[in-house]
Amino acid sequence: MESASQPVHATGGLALERRRGSLPRWGTCAVLGGSAAVVAAILLATGAFTVALTLVFGTLLSGVFLYVWSRAVEGPRRAKDRVMTLVIAAAFGLAMIPLLSLIFEVAKRGIPGLSWEFFTEDGRGAIGGEGGASHAIVGTLVITAVAAVISVPIGIMAAIYLNEYGTGRLRRALTFFVDVMTGIPSIVAGLFAYALFEIFFGPGIRLGVMGSIALSVLMIPIVIRSAEEVLKIVPNHLREASYALGTPKWKTITKIVLPTAFAGLITGVMIAIARIVGETAPLLVTTGVVDSMNSDPFNGRMQNLAVYAYNEYRSPGVMKQAAYDKAWAAALTLIAIVMILNIAARLVYRRYKTEIR
Amino acid sequence: MLGAGTKRTEAEKKRGEMTNTQAPSASSTKPVTTSSGQTAKTIEVRDVNLFYGDFHAVENVTMTIAPNKVTALIGSSGCGKTTYLRSLNRMHELTPGARVEGEVTLDGENIYDPAVDPVSVRRLIGMVFQQPNPFPTMSIYDNVAAGLNLNAKKVGKAQKDSVVERSLRGAHLWDEVKDRLDKPGGSLSGGQQQRLCIARATAVEPEVLLMDEPCSALDPVATLAVEDLIGELKSRYTIVIVTHNMQQASRASDVTAFFNLDETGKPGHLVEMGPTTELFTNPNKKETEDYVSGRFG
Amino acid sequence: MASVDTTTNAGQLLAAASGGRRRRGDRIFSRTAVLAAVTILVLLAGVAIFLLSEGYPALTASASELPEGKSFVDYAAPLAFGTVLAATFAALVAVPLAVAVALFITHVAPPKVALTLGYLVDLLAAIPSIIYGLWGIFVLGPAAVPVMKWLEEKLGFIPIFEGPASVTGRTMLVAGLVLAVMILPIVSAVSREAFAQTPRRLQEGAQALGATRWEMIRMTVLPFGKSSVISGAMLGLGRALGETMAVTIILSVSGAVTFNLISQANPSTIAANIALKFPEASGLKINLLIATGLVLFAITLVTNMAARAIIARQQGE
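Chains A, B and C, in that order, give the protein sequences. Each position in the first sequence, counted from 1, maps to that position plus 1012 in my numbering. Each position in the second sequence, counted from 1, maps to that position plus 486 in my numbering. Each position in the third sequence, counted from 1, maps to that position plus 591 in my numbering.
No wet-lab data here; the hints were simulated from the structure. One or more of the hints may lead you astray.
[Claimed, not checked] Using C-beta positions, here's what the derived DEER-type ranges look like: (1) A/L1065 x B/S673: 48 to 56 Å; (2) A/R1037 x C/L632: 38 to 46 Å; (3) A/R1183 x C/G874: 26 to 34 Å; (4) A/L1182 x C/A856: 28 to 36 Å; (5) C/L650 x A/A1060: 51 to 59 Å; (6) A/S1307 x C/R809: 54 to 62 Å; (7) A/A1049 x B/S562: 55 to 63 Å; (8) C/V629 x A/S1307: 15 to 23 Å; (9) A/D1308 x C/R618: 35 to 43 Å; (10) B/P706 x C/R791: 24 to 32 Å.
[To be verified] To spell it out: a stretch of chain A is covered by chain C in this simulated footprint if at least three of its residues, at any positions, have a beta carbon under 8 Å from a beta carbon of chain C; those stretches are: (11) 1087-1093; (12) 1148-1160; (13) 1187-1193; (14) 1288-1294; (15) 1308-1315; (16) 1347-1357.
Backbone N, C-alpha and C fix where the C-beta goes; we use that ideal spot for every residue, glycine too.
Based on the provided sequences and hints, a complete structural model is requested.
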């Protein structure tokens, strides 16, 4: 029944296949370092040295060396495994480069633009290189706050519907379309807000609240998704204990479920705010561009930091570098706000979450 | 005590008789050469201790696993039988933080020797798991050939076909699947999937087969089919099977090793090991007698 | 006797009162919840309807009536082309990279740091797009100029590298790369979920056969996560299609319809075109831009619905 030759039976049934050896622990590091050194030397010699080229060609050369060395010492399968691990790690490194570059460049270019004026003066006089971004900061706060006031109640109530009440087709439709809504391009949300107001107030209208409505379209699905997740985590036995005491459903939700989920809800809202605080496109078509301070969302144009940065870049006026500096400074402020919101969200969660056993 | 209160079928009775008359010797270490010229190996275990990080899971196991016999590892849950089994093919160390101390030799060669490639150990010591795990995206054919494809790239189609057929026949699955070898591996019933996994494991011609509760996820009919298969396979391989089912141990094994825990948190250890019939009818230690008579466990 | 009567009456009163209050409270609350749900569906429908009504005049106007003198299709087609070109290029670059990043986090990196690494990658998604735009034009663009020149020299026979290479870096290549960085986190997050959920017994089955780590990944993790990767890629594609600011700032637009990635002459995208032209637009021009927004909405809607449908099917299995 057996065939005489079994090519699989490589060991001849007698001994465990010994590794012909194994690369030393420092093997991979040595290859990486050695390749980088070789490439750097060649580049320096030909006068074409840059860090980027060294990294790229150093990695490629490492891959080749590693494969050849490993194959000779450990066999082809191990060699392939090592090279693929190198490729995967290199890909991660590649993905981190833009992140590091972004943060570095924004900091480097933004810091010169930061000044007392930047935070206290509004945009008048910007053409002459003066002025600051206080109007943009106030604008950011107002527009975002109004958007949050609109989105958070609707979003949380909809999440409550999905998790506590929803059944059947309305629920399925809502779930599906909320997912779809997360994919609406931001500029389309802006156009919608514009169209909505244009029908009632005529063309050319620009109002702070229009921007807030556009941002709400973007914010609501985010709030719903995260609130839904948090509500799901609240265990059912808590609700059932409440029902068993004769508590009506709505009181169970408001007095038991929501407080238990509170920290998570706050976190979700903060993260949603962080997502929309830097939006530009929908505001370009709704709130417009303006230099002076305006804190009334229902009257006249308004600008947020993102639009401000864009505008300083687009129309720098006579003092180009000053304008660019301000654009970068606004970008830096924006990143700082986003980072703080994200970190604060996680801290709030950890500090205030109810431990559920 | 043995099978008390359970109806034994003709097949079981016959198998029971077979084990009774064979008088297996747990201390025989002569490898038995089969008709194919393939030899099954002896495993010698010396002072093996197993750790998960700082937690001492299994302590001081020394035993000899005889070739061409089925050795059953029994004991209450949590006593380290599966951990110990997985140390025999160097799967234990794949868990982060897991550590092995001691020596495990396959026909005299220490599988834990630093110069030995764990990949080759796993080729020579195959494993079948509790939950059948055929690769769902591969066809039945590719599942059986998976080990082949990994280990020996340059196998011609004709040779691969013959290896696949041989393995499936050996696992008593050929007739059921020969017309649908290209169907996905997940399309079979539970018992068929487990036999497919056995075929996959035998396709690479291992010396030893480790089986971790291979029937616990199967219905009784499939269980008997797999036990029959194990009885046949032992003529070609050394087999170690972990089982929590004492009836299965007494039906299907030649040698039984009983593991136990003193209390939770303490390491599991080997209490007693011997020919199955002796262990079940006349154990040396009271602990063993308590367990096999169902007083705990 | 009398006490029994009063007790019964009191009991009945109590039941009636709280029952009524309970029913009303529950009714109000549940209706509010349903209202919120319906509002959202209405909102989504409203987006479509308002866009349609505002865009309609431009869709029906003849070529001579329209500001550019072109029919709507002639106006919108090059924009649609540019949109799809930029997004597709971004997806082609981002998806393999995202899969590798996901594999790194789930299977290569030490488990203790995996969570932190995931946060880092997700951080890329938190950065506002205007900042990506500024970074693209001030940092990546100039850095890419020598690369594009090299591409033109060595690979100029391939149409996408035909050149002449731009000296400012404001090309489709750079815009596409920035888009790729922007959508990397979303593709990577979806892939990570899938790879992390590969059943242990499948991976151990491969390991027990003696597979190396890469072989195990190839045999079990990648096939298992395939459909999640596809839906993640489509989500990323949808995001890239709708991205505005990065493209607006980076791309130097000439309106040419071309596959050339490294030259000064590029098609615009629908979103960037709206961002550039809208602030100064009036009259029919506004309707025209809104109509193109409608086209973009339709494209992203289809892409996203298809992606979600694939995810739903995978989860149902």
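Hints, one by one, checked against the model:
1. A/L1065 x B/S673: 48 to 56 Å: holds (52 Å)
2. A/R1037 x C/L632: 38 to 46 Å: violated (60 Å)
3. A/R1183 x C/G874: 26 to 34 Å: For A/R1183 and C/G874 the Cβ distance comes to about 44 Å; the hint is violated.
4. A/L1182 x C/A856: 28 to 36 Å: The hint (28 to 36 Å, Cβ to Cβ) is violated, given that A/L1182 and C/A856 are roughly 50 Å apart.
5. C/L650 x A/A1060: 51 to 59 Å: holds (54 Å)
6. A/S1307 x C/R809: 54 to 62 Å: For A/S1307 and C/R809 the Cβ distance comes to about 59 Å; the hint holds.
7. A/A1049 x B/S562: 55 to 63 Å: Holds - the Cβ-Cβ distance for A/A1049 and B/S562, about 59 Å, lies within 55 to 63 Å.
8. C/V629 x A/S1307: 15 to 23 Å: violated (33 Å)
9. A/D1308 x C/R618: 35 to 43 Å: For C/R618 against A/D1308, whose Cβ atoms are near 38 Å apart, the range 35 to 43 Å holds.
10. B/P706 x C/R791: 24 to 32 Å: Since the Cβ atoms of B/P706 and C/R791 sit about 27 Å apart, the hinted range of 24 to 32 Å holds.
11. 1087-1093: holds (count 4)
12. 1148-1160: violated (count 0)
13. 1187-1193: n = 6 at 8 Å, threshold three: holds.
14. 1288-1294: holds (count 5)
15. 1308-1315: violated (count 0)
16. 1347-1357: holds (count 4)
Of the numbered hints given earlier, the model fails hints 2, 3, 4, 8, 12 and 15; all others are met.
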